[in-house]
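First to last, the sequence lines map onto chains P and U.
Quick note on numbering: the numbering used here labels position 92 of the first sequence as 92, and the sequence is numbered without any gaps.
Quick note on numbering: the numbering used here labels position 5 of the second sequence as 5, and the sequence is numbered without any gaps.
It should be emphasised that the hints constitute simulated quantities derived from the structure, not laboratory data.
Don't take each hint at face value.
[To be verified] Here are the simulated lysine-lysine pairs, BS3-like style, with alpha carbons at most 25 angstroms apart: (1) 7(U) - 57(P); (2) 107(P) - 57(P); (3) 65(U) - 102(U); (4) 65(U) - 107(P); (5) 102(U) - 70(P); (6) 59(P) - 65(U); (7) 7(U) - 99(P); (8) 7(U) - 102(U); (9) 99(P) - 56(P); (10) 99(P) - 59(P); (11) 59(P) - 102(U); (12) 59(P) - 107(P); (13) 107(P) - 102(U).
[Said to hold, decoys possible] Computed Cβ-Cβ distance ranges for the label pairs, DEER-style: (14) 82(P) - 22(U): 41 to 49 angstroms; (15) 55(P) - 38(U): 29 to 37 angstroms; (16) 20(P) - 56(U): 17 to 25 angstroms; (17) 38(P) - 14(U): 38 to 46 angstroms; (18) 80(P) - 41(U): 18 to 26 angstroms; (19) 60(P) - 41(U): 44 to 52 angstroms; (20) 11(U) - 57(P): 19 to 27 angstroms; (21) 40(U) - 60(P): 37 to 45 angstroms.
All C-beta atoms, glycine included, are put in the ideal place defined by N, C-alpha and C.
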Amino acid sequence: TQLLEQSPQFLSIQEGENLTVYCNSSSVFSSLQWYRQEPGEGPVLLVTVVTGGEVKKLKRLTFQFGDARKDSSLHITAAQPGDTGLYLCAGQNSGGYQKVTFGTGTKLQVIP
Amino acid sequence: SAVISQKPSRDICQRGTSLTIQCQVDSQVTMMFWYRQQPGQSLTLIATANQGSEATYESGFVIDKFPISRPNLTFSTLTVSNMSPEDSSIYLCSAQRGVGEKLFFGSGTQLSVL
């Protein structure tokens, strides 16, 4: 069973602070994605990383895929209230059973 | 992008009954998945809906309880059978055009079992 553990589970910060969310697994993934979900809606894709060591930036969000493709991190600079939500990493393999496994989730609250 | 229509959006059911959730995608997709989610928590994969063959179930989920159909590349159904209060949850349909590509989600079905 492929498990993706996220940390921290909960995070409450003030507007303007920086934060990092981690996604760790003992399994190797062909690709890893990050999603954000708001209450009453389905998850929305933020980024996909496929190469070990890859770094992608999306405005104030920086995503990194570990060299061994087992872990990833999401760093948010100068958090804003609009960043509030449930952040989920998700891993998938290109061969065999190509299911998408979601991480345990990180609930972020940014206080104005 | 793909648009997924999922219905019903919510339902309140009596224990022992069954509910079928429908998922319609506006274009052909390679993979479709069914997830369950408790509010504020992560998504748990129930099964992968395979077109033209039996679904692939995750550990803890069985076909008798959660029968799934996928008659073509744009449609799938999930049935929650012989429901109990423990089945109360949000059920999400998702679709993907290819491995590593974006997962599209339906708006979810909020199920309450009394």
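Okay, the hints, checked on the actual structure:
For the proposed pair residue 7(U) and residue 57(P), the alpha carbon gap of about 36 angstroms is over 25 angstroms, so the pair is violated. Restraint check for residue 107(P) and residue 57(P): the C-alpha separation of about 21 angstroms stays at or below 25 angstroms, so the hint holds. A C-alpha spacing of about 29 angstroms is found between residue 65(U) and residue 102(U), which places the hinted pair above 25 angstroms, so the restraint is violated. For a cut-off of 25 angstroms, the pair hint linking residue 65(U) to residue 107(P) is broken: about 31 angstroms separates their Cα positions.
For the given pair, residue 102(U) sits about 19 angstroms from residue 70(P) by alpha-carbon distance, which is consistent with the 25 angstroms threshold. The hinted pair formed by residue 59(P) and residue 65(U) fails the criterion: a straight-line CA distance of about 44 angstroms is larger than 25 angstroms. Taking the CA atoms of residue 7(U) and residue 99(P), the gap is about 23 angstroms. The hint holds against a cut of 25 angstroms. Only pairs whose Cα atoms come within 25 angstroms are accepted, and residue 7(U) paired with residue 102(U) is accepted, the gap being roughly 22 angstroms.
Taking the CA atoms of residue 99(P) and residue 56(P), the gap is about 24 angstroms. The hint holds against a cut of 25 angstroms. For the proposed pair residue 99(P) and residue 59(P), the alpha carbon gap of about 29 angstroms is over 25 angstroms, so the pair is violated. In summary, the hint linking residue 59(P) to residue 102(U) is supported, as the alpha carbons are separated by about 19 angstroms, within the 25 angstroms threshold. Between the alpha carbons of residue 59(P) and residue 107(P) the distance comes to roughly 20 angstroms, so the proposed pair stays at or under 25 angstroms and holds.
Between residue 107(P) and residue 102(U), the direct Cα distance comes to roughly 22 angstroms. Compliance with the 25 angstroms bound is thereby established for this hinted pair. Taking the beta carbon of each, residue 82(P) and residue 22(U) are about 33 angstroms apart, not inside 41 to 49 angstroms as hinted. In this structure the hint that residue 55(P) and residue 38(U) lie 29 to 37 angstroms apart at CB holds, the actual value being about 33 angstroms. In this structure the supplied range 17 to 25 angstroms is violated for residue 20(P) paired with residue 56(U), their Cβ-Cβ distance being about 34 angstroms.
Checked against the hint of 38 to 46 angstroms, the pair residue 38(P) and residue 14(U) fails, with Cβ atoms roughly 31 angstroms apart. Between residue 80(P) and residue 41(U) the beta carbon distance is about 24 angstroms. The supplied range of 18 to 26 angstroms therefore holds. In this structure, residue 60(P) and residue 41(U) break the distance hint of 44 to 52 angstroms, their C-beta atoms being roughly 26 angstroms apart. Separated by about 42 angstroms at the C-beta atoms, residue 11(U) and residue 57(P) break the suggested range of 19 to 27 angstroms.
In this structure the supplied range 37 to 45 angstroms is violated for residue 40(U) paired with residue 60(P), their Cβ-Cβ distance being about 24 angstroms.
Checked against the numbered hints given earlier, this structure breaks hints 1, 3, 4, 6, 10, 14, 16, 17, 19, 20 and 21; the rest are met.
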